[in-house]
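Colleague: Sequence:
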Amino acid sequence: MTRPTIPSPAKAPRRRFLKTAVAGAGAAIAAPTIIPGSALGLDGAVPPSERVVMGGIGIGRRGGYDLSCFLPQKDVQFIAVCDIKQKRRDEVKKIVDDHYGNQNCGTHRDFRELLDRSDIDAVLIATGPNWHATAAMMAAKAGKDMYCEKPVTKNIAQSLILAETMRRTARVFQAGTQRRNLPHFAFACELARTGKLGKLTKVYAHPMGMRALMSEWLGPEPEPDPEIVDWDMYLGPAAWRPFNPKLLDGFNFEKGGGFVGAFSGGGVLEWGSHCVDLCQWAVGDCPPPVQYDPPKDGELVARYENGTELIFREKGWIPLGSCPVRFEGESGWVEAGDSGKMVLSSPELLAGRDVAEIGGYPATFHVRDFLDCVKTRRQPKGNADAACNAHIACHAANIALYLDRQVNYDNQTHLFVNDDQANRMRSEALREPWRL
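Position in the sequence shown (first residue = 1) + 2 = my numbering.
Just so you know, the hints here were simulated from the structure itself, not pulled from any lab data.
Each statement offered as a hint is correct.
In silico DSBU-like pairs for lysine-lysine, Cα to Cα no more than 35 Å straight-line:
#, residue 1, residue 2
1, K87, K248
2, K343, K298
3, K89, K377
4, K343, K76
5, K298, K198
6, K96, K248
7, K317, K298
8, K377, K76
9, K298, K204
Generate the whole structure from the sequences, applying the supplied hints.
Modeller: See below:
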């Protein structure tokens, strides 16, 4: 179905209705208007003019968790949900309505209808990764800010277009790399970034699986009514394949790009994007590495222009929980994980600092950072440029893994050097009518 391009509206003042609260009074004497305290910001309530009005796109298991972090924020008003599954639309509507004690949460099957709404300021994008970049760029062009789950792109080309789109449209974009807003990870990255470890030599990321696969193509089954499950919208920009309910139940049937049948990024992209993002922060959010070796002895080594190595490895970690990272310099090192704990080469690195231990990688702090940035228009910690560089590093590492040979990436041209085979894996064709 062809649909007109959504215009890019200018950002209007957040809530218009307060301006017209007394419209039509004229010369006649009207009865006094009773305004609830919540509209005036009394009793701790946030007035409508200061609220961030939100909608959600693709609210499944991960999106449901994100929603549970947004709803308690007093300056958030969640008013709409979009999902390709009717059951899920109804479930999320009930959660939102029960939270607010009303029946005001709207439901949409087509996310473009949600983006067309002028009463929505920002969106939560928690679809499968197949949709992340496309939905985010369409949201930006529709004038919405967005909190977008990761991995935010399927390939290198999408990463570059995503970052450019956010710069051009001046939207606030927060990738769901919530560890950037946890104290111990932030402190570990600060030690590396500010030279407290000496000249940085190696940064380590845990990918939780170094695999390059082709996504599944399962046998056809009867396709449901689109009102129940909109299979065509679920596929979106991905290559067409017949309906099979098993493809709806996993996190994503496409994790990467570049091949008919879908090149799958595995752990390097899905989990590794968290750890690589922290490594990128530790090296100062510089451009991604320029050289990537295939795995050897359980390690995949990439090198930055200054010689610092980014090392993907599965084993050899101090038991500090999931998503461990380690940063090594010429005079010290630090390692951290999801337990909320750090191990340092010397207690002097703390320099009297009391770093809070928050385990379990909660997203609440990351959500708060996003909302504050929507109001101030500054860039959040997981902004599109930072996400772009971290994802390019993951995509390039995955290409070296798949080709089982070294590849060299040029950060000026954004091409692999003299490597047509690797360059063909930088992007993929998108199914009509979805264009970036």
